[in-house]
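Novice: Below are the chains, spelled out letter by letter.
4 protein chains.
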Amino acid sequence: MQIDLMNCMCSNGTRTEPEHLLTSRMAHPSDTVVTVGSHKIGGGSFTLIGGPCAVESEEQLFTIARAIKDAGGDILRGGTFKPRTSPYKFQGLGAEGIRLLVEAGRWVGLPVVTEITSIRNLSLYEDVDLIQVGARNMQNYDLLSELGHSKKPVILKRGFSNTLEELLLSAEYILSGGNPNVILCERGIRTFEPMTRNTLDLSAVPVLHELTHLPVLVDPSHAAGTRQYVAPLARAATAAGADGLMIEVHHQPELALSDGPQALLPEQFSQLSLDVRAIRNALR
Amino acid sequence: MQIDLMNCMCSNGTRTEPEHLLTSRMAHPSDTVVTVGSHKIGGGSFTLIGGPCAVESEEQLFTIARAIKDAGGDILRGGTFKPRTSPYKFQGLGAEGIRLLVEAGRWVGLPVVTEITSIRNLSLYEDVDLIQVGARNMQNYDLLSELGHSKKPVILKRGFSNTLEELLLSAEYILSGGNPNVILCERGIRTFEPMTRNTLDLSAVPVLHELTHLPVLVDPSHAAGTRQYVAPLARAATAAGADGLMIEVHHQPELALSDGPQALLPEQFSQLSLDVRAIRNALR
Amino acid sequence: MQIDLMNCMCSNGTRTEPEHLLTSRMAHPSDTVVTVGSHKIGGGSFTLIGGPCAVESEEQLFTIARAIKDAGGDILRGGTFKPRTSPYKFQGLGAEGIRLLVEAGRWVGLPVVTEITSIRNLSLYEDVDLIQVGARNMQNYDLLSELGHSKKPVILKRGFSNTLEELLLSAEYILSGGNPNVILCERGIRTFEPMTRNTLDLSAVPVLHELTHLPVLVDPSHAAGTRQYVAPLARAATAAGADGLMIEVHHQPELALSDGPQALLPEQFSQLSLDVRAIRNALR
Amino acid sequence: MQIDLMNCMCSNGTRTEPEHLLTSRMAHPSDTVVTVGSHKIGGGSFTLIGGPCAVESEEQLFTIARAIKDAGGDILRGGTFKPRTSPYKFQGLGAEGIRLLVEAGRWVGLPVVTEITSIRNLSLYEDVDLIQVGARNMQNYDLLSELGHSKKPVILKRGFSNTLEELLLSAEYILSGGNPNVILCERGIRTFEPMTRNTLDLSAVPVLHELTHLPVLVDPSHAAGTRQYVAPLARAATAAGADGLMIEVHHQPELALSDGPQALLPEQFSQLSLDVRAIRNALR
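Listed in order, the protein sequences are those of chains A, R, Y and W.
Mind the numbering: the first sequence is residues 1 to 284 in the numbering used here, read in order.
Mind the numbering: the second sequence is residues 1 to 284 in the numbering used here, read in order.
Mind the numbering: the third sequence is residues 1 to 284 in the numbering used here, read in order.
Mind the numbering: the fourth sequence is residues 1 to 284 in the numbering used here, read in order.
Please note: incorrect hints may appear among the correct ones.
Stated by the list, open to error - Cut-off 27 Å, straight-line C-alpha distance, at most; resulting in silico cross-link-like pairs (BS3-like, lysine-lysine):
| no. | chain 1 | residue 1 | chain 2 | residue 2 |
| --- | --- | --- | --- | --- |
| 1 | A | Lys151 | W | Lys89 |
| 2 | A | Lys40 | A | Lys69 |
| 3 | A | Lys40 | A | Lys151 |
| 4 | Y | Lys152 | Y | Lys69 |
| 5 | R | Lys152 | Y | Lys89 |
| 6 | Y | Lys69 | Y | Lys40 |
| 7 | W | Lys152 | W | Lys69 |
| 8 | Y | Lys69 | R | Lys151 |
| 9 | A | Lys152 | A | Lys69 |
| 10 | W | Lys40 | W | Lys152 |
| 11 | Y | Lys152 | R | Lys89 |
| 12 | W | Lys151 | W | Lys40 |
| 13 | R | Lys152 | R | Lys40 |
| 14 | Y | Lys152 | Y | Lys40 |
| 15 | R | Lys151 | R | Lys40 |
| 16 | W | Lys151 | A | Lys89 |
| 17 | R | Lys152 | R | Lys69 |
| 18 | Y | Lys69 | R | Lys89 |
| 19 | A | Lys40 | A | Lys152 |
| 20 | Y | Lys151 | Y | Lys40 |
| 21 | W | Lys69 | W | Lys40 |
| 22 | A | Lys89 | W | Lys152 |
| 23 | W | Lys152 | A | Lys152 |
The set of hints was computed from the structure by calculation and includes no laboratory data.
For clarity, every value in this text was computed on a predicted model and none was experimentally measured.
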């Protein structure tokens, strides 16, 4: 019951009142800015993250990395340890994928982000600029606590059935461990509507901006699940005030090993980059 | 189960295949344009509807009507027969409310829209330019069929737990009766997230534009439930490609008889009108 | 947002506090018993309702009616005006269906129940013992108010996305009109789970029994959507303390004009009737 | 989107078709029976698990353990590593809690079950008879894979927003690692209804029994969230055919460090134990 969850912020412990939470804007009114390489996330800047769902090969990754850079992308994404619903599906290239991703980032001059699925692999992420905690692990408190002991920037994605309050309390696990570099990401929630993979909850953007000082990104690719809905939702997220976007891009989506149908083509990503800038300028 | 619903479009009857549905873009590729007074909805134009949740008094309505007109609004809204969850809450001014609304519209030179809750009242709506079917009546097929025998333009709001396919099939009830003047409206769906009154499903905009030729509006007021989230969601809906917005406005929301907390102040509506135009220009 | 809905019971009007609601057990501690023909619903008795989703023909209906009676059923159900998602699907036999249903009930000696979808048809229901308001019309307040002016017993089904509080407030529309003969019915809510047509919310039974004095039935057929899940859910509802069950039965489900896959065969209904009695005896 | 999930069972890889899944009843028609101490779970027997939400102290635990044993309980539960939404809430007694739990189990002669939240703690569970994977970790594939390399029996709880198919595929992670001793547990899903903490989905019982040979338990305590709804839901789960129940019990719930409001009192647990037996006998 939601009311139960609300109580955890309102109960009478010293640190559980909203004004004492580290994630709360009541406690820290000014925007947190997270530095990733030479790029800044939050505080009025806009961050465009692009790349394939999964790192599949050197050729695939380097082709897409070049396209992301050329389109004005700020950070290169690519899955390496993939949490798949079925144990029999492609699980990612693992350590070799991380090596390729870091290399591709350096080649095009972009910081890189990839997901972590196990604390046992943490040492493999040393050269990764930004670590992603995926939706399925949003309440893996063991992983969150461990990331709290690092200073590495973390993107924390909302679980597909977690409330915004739960997202903030999961972020609190990282911040209370000593790591202030947390970025939140809305990526769609689970509802009864089958036309889209998930329902993108864009009210998360203004609600989170009100409640917390942490930057808020939006991933419309996983919410849409279908290529042609990604750009309209990305434009919408921008107009709603998101601090950035995380977009899946593939130059040969029909050959992709995961989530091909939701990947933008490089030229679509390029057009989106222009649209996003235009919207930001219009609302200035 | 969603699959059951999908079947109703795919089953083997002659009229139940998508290509034969009157609402389907496969059957009618070009956009439907609905004329309301001298204003056109759909087909590339943008429609800004504003006004109070409920018509409360002549003074209240005329004050707000003037503000809507001055801000560049295209249509004046105001509830007169209000479907309230509790029988003991304000149920609207009824026929007298419709009389006031029509008068206010003429005074400021705007067409008017108000909700219908009973086929018995249909004759009262003769001077109303646009009739709204609310979320709770989206599957009141008796009402839909009756409106199909009229030529009066109808805004059909998505039920707060209805799929987009069900919305289209409800529209089909009106079109198949002979009335082609139907406008769809996304207003938020029911989910587990308590921070907003409902979860605005903006993917409805690109999905509906792909599936149907009917115009698609967005009502962010009922989805947000809270004033400060309305404008970001309205901007987002515009950037997602909506054909228009339906916004609740009140000059004294703290005195409103219903839904005061989600009403924009006139000056906020005015700013939103400017923002919406700026976004539309930027994306042209 | 649920909190908004909760408020409608807690706000400061005289009749909107729970202790003043006509549906509230605080106001009326003892169970309401609704008399239908010579059968009593609520107050410790158990009511087994069975019959086809839709009345299709005299032969079909009379065959099934006999089976319901022989199995120990208390009331015969059969849809006559069917609210269908698509306007091109079988809409029921209408007035002729009501005539057949009443005749079949008399022939086997059972009271009958059928759904109403329009206030315009109310006069057709004179010989019907029990009127059902379906899930899609749970918030059709025009229809509810009209039924409040009758004394005819009403089964009010929970909308597939309505809270229990909304269900009670819809019942309040009928009671406050002067008709105390209301029976509530849980029939499944809409969730993300696709294996069943809806998710049967059996917590509704103890929650409603705590909050209200009205009888509470359960319809597992529409929730399950698939024959083999109906009996386990029906047994579960009985063990949870439901005052009765509403079950779809068809002797030739593969030929049924609607909802065939969820209909029990007569012999399955017969076995269920025995199981239900055994559970009730065991818990006495 | 559900259809995406369904595909993972229907896609054209060798091991992803239902008939090849290790969890599938198509592949293994007869019921799996999991042995825990001298107790057998599944295959027609019934398992009653009881105990406190969290192990709080020796006195608390031993008092409750005695009550569980005396009431006819089969297994003693008690949380030791608690995954809490807020980092500032009681996180469990950890290793010391496990030591107390094992000791209490031996003292009363019952096997014990407790939740694991981190693979790093696995060695602490050596004397624990049955390991629970909680709802929040249902898709923590790193943890599931690790448990697949053990032979220790595992209770896998359904995530509060996971489909039944996802639950089965998570179980597949454990089975495919070599551990066949998996027990599934329905504990409520997240919906819009606020009267209960979650919505118990009892259709999970017949659906899972059809799809898989693994035993299926039900935890009505977390679904209900409120003491008075637990017993009706537990009786319902029994009548639906569950292979057992997992119930939170506390002798001083008002002093409990977590989830006190949903704990049964020992005498209520005792009565429930009788009711469950009566229902099982009645349906034999």
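Novice: Confirm or reject each hint.
Specialist: Hints, verified against the model:
At most 27 Å may separate the alpha-carbon atoms for a hinted pair to count; Lys151(A) and Lys89(W) meet this at roughly 24 Å. The straight-line distance between the Cα atoms of Lys40(A) and Lys69(A) is roughly 16 Å, inside the 27 Å bound, and the hint therefore holds. For the suggested pair Lys40(A) and Lys151(A), the alpha carbons sit about 15 Å apart, so the restraint of at most 27 Å is met. A hinted pair counts as satisfied when its Cα atoms are at most 27 Å apart, and Lys152(Y) with Lys69(Y) qualifies at roughly 23 Å.
A threshold of 27 Å between alpha carbons decides the hint, and for Lys152(R) with Lys89(Y) the separation of about 25 Å falls inside it, so the pair holds. For the given pair, Lys69(Y) sits about 16 Å from Lys40(Y) by alpha-carbon distance, which is consistent with the 27 Å threshold. A C-alpha spacing of about 23 Å is found between Lys152(W) and Lys69(W), which places the hinted pair at or below 27 Å, so the restraint holds. Annotation: proposed proximity of Lys69(Y) to Lys151(R) is violated, straight-line Cα distance about 49 Å (limit 27 Å).
As the CA atoms of Lys152(A) and Lys69(A) are separated by approximately 23 Å, the hinted pair is consistent with the 27 Å bound. Pair hint Lys40(W) plus Lys152(W) holds up; C-alpha atoms about 14 Å apart against a cutoff of 27 Å. With a C-alpha separation of about 25 Å, the suggested pair Lys152(Y) and Lys89(R) falls inside the 27 Å cut-off, and the hint holds. At most 27 Å may separate the alpha-carbon atoms for a hinted pair to count; Lys151(W) and Lys40(W) meet this at roughly 15 Å.
Taking the CA atoms of Lys152(R) and Lys40(R), the gap is about 14 Å. The hint holds against a cut of 27 Å. Restraint check for Lys152(Y) and Lys40(Y): the C-alpha separation of about 14 Å stays at or below 27 Å, so the hint holds. Of the supplied pair hints, the one linking Lys151(R) and Lys40(R) holds, its CA atoms being roughly 15 Å apart against a limit of 27 Å. Annotation: proposed proximity of Lys151(W) to Lys89(A) holds, straight-line Cα distance about 24 Å (limit 27 Å).
For the suggested pair Lys152(R) and Lys69(R), the alpha carbons sit about 23 Å apart, so the restraint of at most 27 Å is met. Note on Lys69(Y) and Lys89(R): the hinted pairing is violated, with a Cα-Cα distance of about 44 Å set against a maximum of 27 Å. Of the supplied pair hints, the one linking Lys40(A) and Lys152(A) holds, its CA atoms being roughly 14 Å apart against a limit of 27 Å. The suggested pairing of Lys151(Y) with Lys40(Y) holds, with an alpha-carbon distance near 15 Å, which does not exceed 27 Å.
With a CA separation close to 16 Å, the supplied pair Lys69(W) and Lys40(W) stays within the 27 Å bound. Distance restraint check for Lys89(A) and Lys152(W): the Cα-Cα separation of roughly 25 Å lies within the 27 Å cut-off, and the hinted pair is therefore satisfied. Proximity of Lys152(W) to Lys152(A) is assessed by CA-CA distance (about 36 Å); at most 27 Å being required, the pair is judged violated.
Violated hints for the displayed structure, listed by number in ascending order: 8, 18 and 23.
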